[in-house]
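Q: Chains as they are written, first to last, in the numbering used here: chain A, 4 to 790; chain B, -17 to 324.
One should not assume that every hint holds.
One-sided excerpt, in silico: chain A residues whose CB lies under 7 Å from chain B [stated by the list, open to error]:
#1 Ala199
#2 Ser245
#3 Arg343
#4 Lys361
#5 Gly415
#6 Ser417
#7 Arg496
#8 Glu506
#9 Asn510
#10 Met537
#11 Ala555
#12 Ala567
#13 Gly579
#14 Asp582
Read the hints as simulated data drawn from the structure, not as lab findings.
Beta carbons: idealized from backbone N, C-alpha and C, even for Gly.
Listed below, chain by chain, are the residues.
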Amino acid sequence: MVISLSWLRELVDISVDVATLAERLTLAGNEVERIHDQGADFEGVVIAEVKGLRPHPNADKLQLAAVWTGQATVEVVTGATNLSVGDRVPLALEGARLGERRIKRQVFRGVWSQGMLCSPIELGLGEDATGILILDDGIEGHDLHEVYPADTILVLEIKSNRPDLLCHLGIAREVSAIFGVPLKPPAVPSDRPPMASKLTTIEALDGCRRFVGRLIKGVNNMTRPPAWMTARLRSAGVRPISIVVDITNYVMLEMGQPMHAFDFQHLNGGRVVVRRAHEGEELLCLDGFKRLLRATDLVVADSEHAQGLAGIIGGEETAITLQTADVLLEAATWEPGSIRRTARALGLRTEASQRFEKGLSPALALPAIDRAAALIGELAGGKPTSSVDLYPDPLKAILIEIAPDRIDRVLGLSIKHTDAESILERLEFKIERSDGRLAVRPPDFRLDCSIPEDVVEEVGRIYGYDRVPSTLPGERVPVRDLYERQDADEIAREVLAGREVDEAVTNSLISADGTANIRLPAAPASLARITNPMAETRNALRASLLPGLLEALALNARQDQAGARLFEVGPAFWRGKLDRVDEPRMLAVALHVPSGGAPAALIELRNLQAILATVRDRLAIESTEFRQSQATGFHPGRTAEIVDQGEPIGVVGEVHPDVLAQLDLPGRAVAAEVLFDRLTADGRRVPQARPLPRFPGVRRDLTVVIRGKIASNDLVQVIRQLGGYTLRDISMQSEYQGPQVGAGARSLSFRLLYQADDRTLTNDEVAGIQQRIVEGLKQRFGAEVRS
Amino acid sequence: MSVNVGDLDAIGIDARRRIASAPDEAALEQLRVELLGKKGGLTAALRGLGRLPADQRAAAGARANSLKAEIEGLLATRAQQLQETRIGTLADREWVDVTFVPNPIRRGHLHPLTLILREVKAIFSRIGYDVALGPQVEDEFHNFEALNIPQDHPARDTMDSFYLEDGKLLLRTHTSPVQIRYMQSHTPPIRIIAPGAVYRRDATDPSHGSQFYQFEGLVVDHDIRLSDLKGTIEYFARSLFGSDRRIRISGDHFPFTEPSIGASVSCGLCDGAGCRSCKAGWLEILGAGMVHPQVLRNGGIDPQHFSGFAFGAGLDRLAMLKYNVNDLRMFLDKDVSFLRQF
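So that you can see chain B by itself, here it is in the shape it has in the complex (with noise of 0.2 Å):
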């Protein structure tokens, strides 16, 4: 086949037509592959040049070269212009409403208790405290006359218990019997946190349960200082209220400890002012004081070597502070409606 310059002509008239009417991207390279490639009449012609008489080979060279680059220069193009548009209209072809948003994905819910629990955990394993356990049904020399409380005790006024049937053992009414069967069966030095659930035969009000939970805390050591446990209440309660609290540290009166105070947190709604959520601006948030000797020696430490601090606060009373729980009977509720706002 030869080739003559009207054969190009047509070629570039059609190509160039071909090209501009491409409606999208593999339109076009299908063409291109049509235009250029081996069965392509470019290349057909290109072939036919060496047949050519040698005096018109090189113009007619020079001409379908120019055309090929011709074509590629408009493929490209047209390859863009295509390319612009497909990206250019996506934001309409494509279009969602992102603000439709579904449920997150379900999942359970923790306890409120579990979570401060777990902050309660953290922070004092940071410092080196052990978590204890001890029973929830007590006998009497734990739970009372280990910690100075014989019969007949005011403090017994305060602490009503349930009894079971053999009327020896009770319901613990505070985690401080841990105290005890931890310094019996421990040497110092002693730094647990001891957490769990306590009993009193109190009537129910928003901030009184037959069942609530308290966590205590003990440590014994050589030479361990009311100072001690005065940086220890501050290091928790801004740890876990937030820097900006301040902590005011009272004289208080538990059989146990001597000497005793307690602990308040400033009112963060207040800021200390006073509110109807607070005392004058504090809340208490815990009791504690120096380990009475005759606790220590009734925990098999000798007094003579080793002095410990001790303290308990309620774990329920720090969550209804933290999570803004206006009454204490709804953590025993059940009702899934509360449970899963946690």
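Same shape as in the complex, but just chain A (with noise of 0.2 Å):
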């Protein structure tokens, strides 16, 4: 909202200077977003006419226009091409100042320039760099600040649920509360003239819910706007037209109500009907551009068709012209939500529509009438003649009942009940007191105030949130909520970042089709779409976090930053039955190999199982395994499933071929997922300490050659099997494949820990078991051992 400062004088004494104004605007909830001294960036600049124009005989995209200051006849050269001869437009003559530039006569590729015309932007009169600012007004040598006076702009961000405070009175009201001064509103004068129900009929009772009507006839529309109310038009940034239209805007910007005037003499029938538009209706819009009408469309008629977009926007038969004469002014109360259906529809917002769609309150339509009708009276010589107001289901009033401590209760403060009382008046709050009770009706223009706490909100934003104490809320409370540690994934997150690997959080919407397919096997094939996304490459939620993390490394590989290591915790979305979608958490890694092939790739997969398995240790009780297997998007001979007590949880593996190539990734790539809260146990682990040792253990490597796809699990098993009871642990220590052992084989290491609890183990003992293991692993898979 535009605030005029010299206009809102007018509503309200201001005595405090515009910054203090400003910030207690602002901490009452009015937010002012920009403070503007208007006509403060010009000096000397004077009104000139058009004249002639003609092309610069050195220069294409110049031209020399001749313009006549009222005293004689300069010319200047612009690079404007907004002109036409008969424009006024503002002239900078040598000497004039634009902001901090004064200027000077000038050669411009040959051809003097006696000076400028001046842009809106140049002026500090709005933010168009494009053209010449054209003035609707003004006499030729006259200074500019008569069109455009000295005054300071405010701008303000007016909340939703206050559409009253979308004019210079509403503004005016709130810094009478703010200050305790008086508020000074416009005279209304309340004579009307007789009623004419036959002029409108509102059919669509669901789309309107007043409907204030007046005919004026005898209006001279071509009558100059007294230069006051040109000045504050401008100053809001609204452009003057005609007098008629003029006062419309006026009293819309004064008092919040927007307005529309018909030529009457163009309304077939000579009456107006409130309907649904008929579907595929056209209109002819005030801006010049047809539009088609939806019957869910809310329309002003004649008897014969459309002739205004209802709360939105006029129509071009009916418009009030310089010649028009007789004038049937509209104040009418529109349903918001169909308002705001119809401007989203026709991607059209206004003035009027931006209010109608806050919800107006059907009181602020009369006394708009009266005010318009009072000034075009006075202004333009009109008589109004006959009155509609359609009202068919007014506004019921409320009270509000407060209990006596309720205010300070809820603000956590102490405040007089007459600073209370006195903020609610000044806002025109009615007020009632009895038995230390307080009731209150709120003024019929404030439609957000239904419960005490409205009225709570009225008095702290007005007495100032500054004055509220600060204080920590805290009584005894009793204990029922015992402490539940739920930092498994800061713990996940520090042994990844332990073992080099960023932390990266990729968009959780993807493409349905273009995002490489690689997921845990028990994602499902089918992704949760959006039915209207912002683009395509974003139309569906991420089943998996490995496409993104992927895509994460080819994005960095394109920077120059090869070799990105990343991993993400976040959800998944997963399709379920009955419109459901589930949202487990994941944990992903993936980690480039640029180079080195096969056997780097390796390397890199068995670091990510053993970072894995540090995240499972760290966090859970139950153990995992790796099992040999396969998933979608991953290398079909090095991938592993990754189970939990039978059930597969996870999947670690190198990327498939095809998935690189699809994301242009060059090298190789490993990655994994898990179901997080699976890997984890919820981190609910517990270290349980056990006795140490009484005797000393015996440890043992063992080193077997093996030929074929023999999985080390499987070997484990069955040294656990033939290790018996003295066999307390085995772990797998290297892998070797090459010259040594030849083609097709490979040499894996275990290391064995023997220890009983009763005695010291003998050589001889330990040498026993390790045999019996040697030849089970010889008769099972074929293995050789080697010394």
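Could you fit the two chains together into a complex? Lean on the hints.
A: What follows is the structure in structure tokens.
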């Protein structure tokens, strides 16, 4: 909302400086976003009229404008293309000031320019820098300040629940309450011409809460509007058009009620109907665009067809012209939802629609039309002849009862009754106090107040939240909830960071078709899709974190950061049955192996498995194991399922070459994804101490050579069976493939720990067990023992 | 073997020469063993004293003992000399350039959103808040209706949502639905924060993204007041940004709180004087208010007996302010050059 300070001063006494005014308005919830001194950015700029235009002899993009200053015609060079002969324009001659800059006569491409024509931005009168400001008024040779007098402009952000503040009177009322100064509302005469209800019918009762009309005859719309009015309109950013239209805009900016004026003589049948549009009905709007309407759009029509889009924009056919003599004024209250839907569907937001879609009070309509009719009579000579006021379901007065200590209790302070009441009265609430109970009637223009908390807010924000003390909630509370550790993800993050993996956060929204097909076997194959995506590359929810992380590896590789190592902890989205989407929390890791081929990838795969095992060991009680497996998007020979008590909870492996090719990721990559809560058992591991061994253990290394796709896990199982109760621990030590063992063979080294609780084991005893194991491995897997 | 004075003299001359020229402490130690050890000449001379006639014995004994003392003294002095030389030349012999610092041990870096969330959690856990989580795929009831945002409410304009194919589920536009879910499943006293990703169909620019991060706070108990909210905001903001910051509370509007307030912290760059990074010296950090009685009811809590406050802030915005990140889009950019700065 753009507020002219000089206009505001007419409605309320302001005794503080602008900075204080802005600060207090902001604290009360009406944020002042910008303060601007209009007319301070120029000096010595005069009004001139364009008399002639001709091309610059030496420059295609410039032209020469001959302008009349009231005393002489001077020639100026301009680059603007929006000029026509007859336009009134601001002219800065030698000696004039624009901002910090003094204007001088100057030669442009060999032609003297006696001064310059100014754009709105150069004058500090708007943001437009593309063309010269074309004035709607002004006398040649006179100072531009006659049209744009010095004023201070405040730009406020009004909250959506306060459409009553989208006008100068509303803001003046706030100022009155904040500073405790009297409000000076405009005089609104209430003598009305007789009712003529045949002028209007409301057919669409669900769209119109009130329709107030006034027929005014014998208007002279050629009358020049007074300078104070046009100056205020300009200050508020509204372009003056003609006296009748200017008055409707003026009253909207003053009192907050948008209005429309029809040329009565062009209304077929001499009456209007509020109805829904016919599907496919067309309307040529005031902005020159013809729009196709839908059956849900609300229109104001005459007996033939739509003449305006209710609450949004008027129609061209019945628009006010300079020749208009009889005017039908409309001040209606429209259903916000209907206005909002139509405005959104048409992509058309106007001063009127923005107010109506926030829900204006029907109480505003009548005083606004009284004020506008009076101004038209006074300034343009019309005479109101008949009235309409269709108001099928009038507002019911609300009485809000507030317990005596309610305000203090909610705000946590102690405010004097008289202070609270004074604030409410300045905001035009009616107060009834009896037996200590406070009963409050909000003013009829406030639809946002209905419960005691609303009243508390009014007192609080005006009194000032800076005067509320600072406390912390606290009283004796029963012991009930126990502390639960929830930091499993933090522990996992530390483990991963310690292994040189960086944390990334990737988008939950991905492309349903273009995304790499790689995921946990347990994830559903079909994605949960978005019906209204902003881009086709973000039209579904991820079922796996891996595509995003692998894309990140590729992105970093392209940016000269090959070899990125990334992890993410976050939800995947699994489409379930019955319109449900499950959100399992995942841990995913992706490591880029830019060079070194299969052997390098194998090393990273082992690393990644070790990282996952470390996370598990830090957090979980139950052990998990890796099982040779296959999964979508993974290398068929280098992939393991992570199994927890027989159930797969994750996958780890090298990324399939097809996926790498699709992502354009050079080299190789290894990746893992695990159901995080399963891997970490919610982080509820409690370390358990065991008695230290009383007798020393015996360590023996065992190295065997095997051929073919035999899983170490299977060997371990056999070793464990044959090792008996003294075999306490088996760990995998190393793996070797190469010339020393021959093609197609692998050597695997295990370290075995033997220990007994009741004696020291003898070498012979251990050697016997080792021998048993060796024979068993030979028999089952054809394994050869290496000495 | 007998001892005569000439032998002792020869031993003395030899010992003095060799001690003086011993090159290092190891050679000196070897020399000491040689001179004073069991096989040394002096020891042999002393052992031979007993065979001397009684009248010579005393004089020779005195002579030998004084030579022994002299040699011991010379050895000690030389040892001291050699040690001083060794230590004294250490700086030259073993000099290294300690300004050549190799890269510190490479560690992975945690995401700035993780870091800021850790701080937020730590700040609130100290005053007794639990962390609650809710689904990111929500229904309209929890995301809108239960929060006093019916269909056609203007607030929906600012929270344009992504809908799933069934048309009923949507991606939550704020973390506030966790308020409703938590109240439905718990009874007061309630003290939680609820962090997480939220989604809006907003055009992306340096301060907007279609996926961003918020955290919500909710306290419900007997007799919770706006002063408690104000104190909590001040405690939080000054813990996060520094005790020298000032906090400003202004009026605001949210459908699910009444009264509603907004909180700003004084700008750390200009100290409140006003600069390009702030609005007239202030940085907006969160929106808050007293929980609307209807929202309490929607969460199954009787507003006659309980009251509460709620607040919501942008985690990414806090991270931007705290870590001097000037573009919100960087958080989801996955560029390791960015990630490794944290």
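Q: Each hint needs a verdict: does it hold in this structure or not?
A: Here's how the hints hold up against the structure:
no., hint, verdict
1, Ala199, "34 Å, violated"
2, Ser245, "32 Å, violated"
3, Arg343, "6 Å, holds"
4, Lys361, "6 Å, holds"
5, Gly415, "3 Å, holds"
6, Ser417, "11 Å, violated"
7, Arg496, "6 Å, holds"
8, Glu506, "4 Å, holds"
9, Asn510, "6 Å, holds"
10, Met537, "6 Å, holds"
11, Ala555, "4 Å, holds"
12, Ala567, "5 Å, holds"
13, Gly579, "10 Å, violated"
14, Asp582, "5 Å, holds"
Of the numbered hints stated above, those contradicted by the structure are hints 1, 2, 6, 13, listed in ascending order.
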